[in-house]
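Based on these hints, arrange chain B on the given structure of chain A.
Protein chains: 2
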Amino acid sequence: MADMCMSGESLLHFLEPHGKTVQDRHQSTPRPAASGTMRVGLIWVRLMTKQLRIGLAGLGTVGASLVRLLQMHGAAIGARAGRPMAITAVSARDRKRDRGIDLSGLAWFDDAVALAGSADIDCFVELIGGDEGPAREAVEAALKSGKHVVTANKALLAKHGNALAALAEENGVHLAFEASAAGGIPIVKTMREALAGNRVTRLYGILNGTCNYILSRMEAEGLSFAECLADAQRLGYAEADPTFDIEGYDTAHKLALLTSLAFGTQVDADAIYVEGISAIAPLDLKMADDLGFRIKLLGVAERTRTGIEQRVHPTMVPRDSAIAQVMGVTNAVTIDADAVGELTLIGPGAGGDATASAVLADIADVAGTPPRPPFGWPVAQMELAERAPMQRHEGGYYVRLAVYDRPGAAAGIARHMAENDISLESILQRRSEAAALDPTGRSGAPVPVVLITYATSEGAVREAIRQIAEDGLIAEDAQVIRIERE
Amino acid sequence: MADMCMSGESLLHFLEPHGKTVQDRHQSTPRPAASGTMRVGLIWVRLMTKQLRIGLAGLGTVGASLVRLLQMHGAAIGARAGRPMAITAVSARDRKRDRGIDLSGLAWFDDAVALAGSADIDCFVELIGGDEGPAREAVEAALKSGKHVVTANKALLAKHGNALAALAEENGVHLAFEASAAGGIPIVKTMREALAGNRVTRLYGILNGTCNYILSRMEAEGLSFAECLADAQRLGYAEADPTFDIEGYDTAHKLALLTSLAFGTQVDADAIYVEGISAIAPLDLKMADDLGFRIKLLGVAERTRTGIEQRVHPTMVPRDSAIAQVMGVTNAVTIDADAVGELTLIGPGAGGDATASAVLADIADVAGTPPRPPFGWPVAQMELAERAPMQRHEGGYYVRLAVYDRPGAAAGIARHMAENDISLESILQRRSEAAALDPTGRSGAPVPVVLITYATSEGAVREAIRQIAEDGLIAEDAQVIRIERE
Numbered sequence: 005m006a007d008m009c010m011s012g013e014s015l016l017h018f019l020e021p022h023g024k025t026v027q028d029r030h031q032s033t034p035r036p037a038a039s040g041t042m043r044v045g046l047i048w049v050r051l052m053t054k055q056l057r058i059g060l061a062g063l064g065t066v067g068a069s070l071v072r073l074l075q076m077h078g079a080a081i082g083a084r085a086g087r088p089m090a091i092t093a094v095s096a097r098d099r100k101r102d103r104g105i106d107l108s109g110l111a112w113f114d115d116a117v118a119l120a121g122s123a124d125i126d127c128f129v130e131l132i133g134g135d136e137g138p139a140r141e142a143v144e145a146a147l148k149s150g151k152h153v154v155t156a157n158k159a160l161l162a163k164h165g166n167a168l169a170a171l172a173e174e175n176g177v178h179l180a181f182e183a184s185a186a187g188g189i190p191i192v193k194t195m196r197e198a199l200a201g202n203r204v205t206r207l208y209g210i211l212n213g214t215c216n217y218i219l220s221r222m223e224a225e226g227l228s229f230a231e232c233l234a235d236a237q238r239l240g241y242a243e244a245d246p247t248f249d250i251e252g253y254d255t256a257h258k259l260a261l262l263t264s265l266a267f268g269t270q271v272d273a274d275a276i277y278v279e280g281i282s283a284i285a286p287l288d289l290k291m292a293d294d295l296g297f298r299i300k301l302l303g304v305a306e307r308t309r310t311g312i313e314q315r316v317h318p319t320m321v322p323r324d325s326a327i328a329q330v331m332g333v334t335n336a337v338t339i340d341a342d343a344v345g346e347l348t349l350i351g352p353g354a355g356g357d358a359t360a361s362a363v364l365a366d367i368a369d370v371a372g373t374p375p376r377p378p379f380g381w382p383v384a385q386m387e388l389a390e391r392a393p394m395q396r397h398e399g400g401y402y403v404r405l406a407v408y409d410r411p412g413a414a415a416g417i418a419r420h421m422a423e424n425d426i427s428l429e430s431i432l433q434r435r436s437e438a439a440a441l442d443p444t445g446r447s448g449a450p451v452p453v454v455l456i457t458y459a460t461s462e463g464a465v466r467e468a469i470r471q472i473a474e475d476g477l478i479a480e481d482a483q484v485i486r487i488e489r490e
Numbered sequence: 005m006a007d008m009c010m011s012g013e014s015l016l017h018f019l020e021p022h023g024k025t026v027q028d029r030h031q032s033t034p035r036p037a038a039s040g041t042m043r044v045g046l047i048w049v050r051l052m053t054k055q056l057r058i059g060l061a062g063l064g065t066v067g068a069s070l071v072r073l074l075q076m077h078g079a080a081i082g083a084r085a086g087r088p089m090a091i092t093a094v095s096a097r098d099r100k101r102d103r104g105i106d107l108s109g110l111a112w113f114d115d116a117v118a119l120a121g122s123a124d125i126d127c128f129v130e131l132i133g134g135d136e137g138p139a140r141e142a143v144e145a146a147l148k149s150g151k152h153v154v155t156a157n158k159a160l161l162a163k164h165g166n167a168l169a170a171l172a173e174e175n176g177v178h179l180a181f182e183a184s185a186a187g188g189i190p191i192v193k194t195m196r197e198a199l200a201g202n203r204v205t206r207l208y209g210i211l212n213g214t215c216n217y218i219l220s221r222m223e224a225e226g227l228s229f230a231e232c233l234a235d236a237q238r239l240g241y242a243e244a245d246p247t248f249d250i251e252g253y254d255t256a257h258k259l260a261l262l263t264s265l266a267f268g269t270q271v272d273a274d275a276i277y278v279e280g281i282s283a284i285a286p287l288d289l290k291m292a293d294d295l296g297f298r299i300k301l302l303g304v305a306e307r308t309r310t311g312i313e314q315r316v317h318p319t320m321v322p323r324d325s326a327i328a329q330v331m332g333v334t335n336a337v338t339i340d341a342d343a344v345g346e347l348t349l350i351g352p353g354a355g356g357d358a359t360a361s362a363v364l365a366d367i368a369d370v371a372g373t374p375p376r377p378p379f380g381w382p383v384a385q386m387e388l389a390e391r392a393p394m395q396r397h398e399g400g401y402y403v404r405l406a407v408y409d410r411p412g413a414a415a416g417i418a419r420h421m422a423e424n425d426i427s428l429e430s431i432l433q434r435r436s437e438a439a440a441l442d443p444t445g446r447s448g449a450p451v452p453v454v455l456i457t458y459a460t461s462e463g464a465v466r467e468a469i470r471q472i473a474e475d476g477l478i479a480e481d482a483q484v485i486r487i488e489r490e
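Line by line, the protein sequences are chains A and B.
Residues in the first sequence are numbered from 5 upward in steps of one, following our numbering.
Residues in the second sequence are numbered from 5 upward in steps of one, following our numbering.
In silico SDA-like links for lysine to any residue, alpha-carbon gap of 25 Å or less:
1) A:Lys54 x B:Gln385
2) B:Lys54 x A:Gln385
3) B:Lys54 x A:Ala384
4) A:Lys290 x B:Asp324
5) A:Lys54 x A:Trp112
6) A:Lys54 x B:Glu174
7) A:Lys54 x B:Ala384
8) A:Lys290 x B:Ser325
9) B:Lys54 x A:Val383
10) A:Lys163 x A:Gly121
11) B:Lys54 x A:Glu174
12) B:Lys54 x A:Gly268
13) A:Lys290 x B:Arg323
14) B:Lys290 x A:Ser325
15) A:Lys54 x B:Val383
16) B:Lys290 x A:Gly296
17) B:Lys54 x B:Ala90
18) B:Lys290 x A:Arg323
Derived from the structure by calculation, the hints contain no laboratory data.
For reference, chain A alone in the conformation it holds in the complex (with noise of 0.2 Å):
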């Protein structure tokens, strides 16, 4: 190897100085790719040769699933990818902790920004977590030292990815996230690369495999929220505070990086409306089976007239969509697009080896390949979306109430939907228990009444049921979920 590295540097020798004046000449001009492209392809032609040394911070499962694999997997990976590789130093908060691999031989950092920093690594892996703190210093110095940086941390990038994949593009160097998103489902791959000559139209997915256990289990055996959620924290699918899961805000997350990938857009995540599953009830995922329907929590993006539409929230999908079967810890992304059509990658959204095969993914991309734009597009081309109001959401909606059953209470229910133009595609009405017990049926015990409307807007349904409530012909808050359609 060592004729070659050697050849590799006069190689740059030569190529430096005009890879400089290219880069110079373009620095005024607003042309980040083809400016890049000169010198990003010196600096690759000159690594393809060497090894790729790798930097590790954070030794958590997907870490030390990471260390394994590679370790594994290593010498057929740099064989495909054109360029051998290693893991030359890791960086953790204990260093005594055992985590069953072998570190012997490997460089130890206290410090990930030290490791980030360091001469002796090519390619940062960051898998510390957070949106701030070490993971963002860390992943900040790597690429202002130039190094390429895989990340599976999708707060951090939610939060700063547009400021980072300017950063990495200034500097030349990969910004790999395909962990971020979706686990082992190559999402990103597939957005950036695979459907580069289509008009994404729309992006939906399952995201969240702690809550789509937890309706899972709901709708399969009849249990409350509560119970799943319990057995979701005893097998580790929910953390002890399920909050950020269950509420929809990791959802939310991985939806603000599609977004940009399928469309284009800045990160936008303050742009999401999210709204989680705590209050799905049993009655809720027997209703939708009896329609015809599952309910999953969806991440949805859309192009809408009013502009980019980004909304995290229970979502009824017809039950005989491909989306649909997606049960368990399972993750799924459908992409509609002009070219294609629809698409759907199913597979798993988290667990150690599973991420670390996207962060394998992502490091063979950087060995064997030149950066490119981390979402897809040169950064001075990606604009902030308009964003588009929940309230202007135009769709089919499932709307549950709680009716007092008297004389009357429907022809209000019906004029309120009416005066709102809103078109009822179907009524459904259980006999509630109290009901059941009174055979007169005049005890004005409320019953569930569930109404599926044709597409309106968000707004209309919202005010309709504020009138309905108004004239109190309801006994408590409406149950509102939003339809999906293929």
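Quick look at chain B alone, frame taken from chain A:
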């Protein structure tokens, strides 16, 4: 752009000699990836700043879609790939035919081979079809003259894939074929890049839309194979001569390519066991449903104790599996691998725009990345896999017998199964119409009996059936369908 090109050229003025030296020094040593890398890298650096000139041969449905999509999205794809691109020359049989696309300004070639060798293109897109003749000649001419090649031609690659991959590697150019397997599904990129860090254990897929359409209709409507085939032909889903599709050869071609991508073995289509769907009866679909299965024509590639097993045949898949939900002309591929676990991709297997989407992804890779080994592994490392003979295939089996309804028949069948060490998971007997007319049940009219076996070998099942037939217990040939579990 002019000055960029010039500096690109002057750069190469310094580079070529070094590139050549490096190349030559490694000519003798068996390090294809590394030696190719340097030269390829230099060529890539020079080209990244110039427009990618595409020559397209074949203006059928896919070709016309490609022209349309590139005219629509070309600029965006170029910006994302970091290099402008455009179709500059085309070739087809009939110059006059109106294809509803604008070919003005494009050079016309009556001879595809002449286009492939033209010095005015950088990338040759082959959409002619056929495993010999102009398609093969043109692709070889393009590769030999240093052109990148993008093809959707599965037949050509299934037959000459090894030689063409070697030719591409020798000439340091791309040989991309995403559109050759599963149409718009990015399965090639997923296998070659996204799963680079995985060891694949099994791959199976619905790779032929015609067959899946026919089986879906048969199941949903209880129609015969012949009726559904006629509909498929009327709807343009099946050719006038459907043999190639319904007998499984089309699936086999695609499987041969996916097997190489999965296991790094040489393309070996002759090693594939192929069985079509023409013998599937509505009764089998009904029985499958009763037993919790669906019948799909699958292409399966698996690493077994006896070698790499490649097979195409009607298969019973669990009704709740992701692949069982795939209906109509849609395709799907599931990959089992050590790190990622199970990954499933579902999408359009055919159609002009969907196929063109895959071709466009390849073109974007050609424009933005250096050539990689076409099948994911340097040709020198691709070995001929040890074939696993079908007789040694191990798995569960569905066996439907037309049993003469006589005393002792059941006992005879059970004995022969036991003698061949086959244990039965379930037995299902349906009363035939003939038997239904015979209240005594002693007419001896044949009744369908279905046996589901636990894992056993193909050889044992065939031998047991031979013995059962020999004893005159069954009225017609047994129906044998293999079971594939998740």
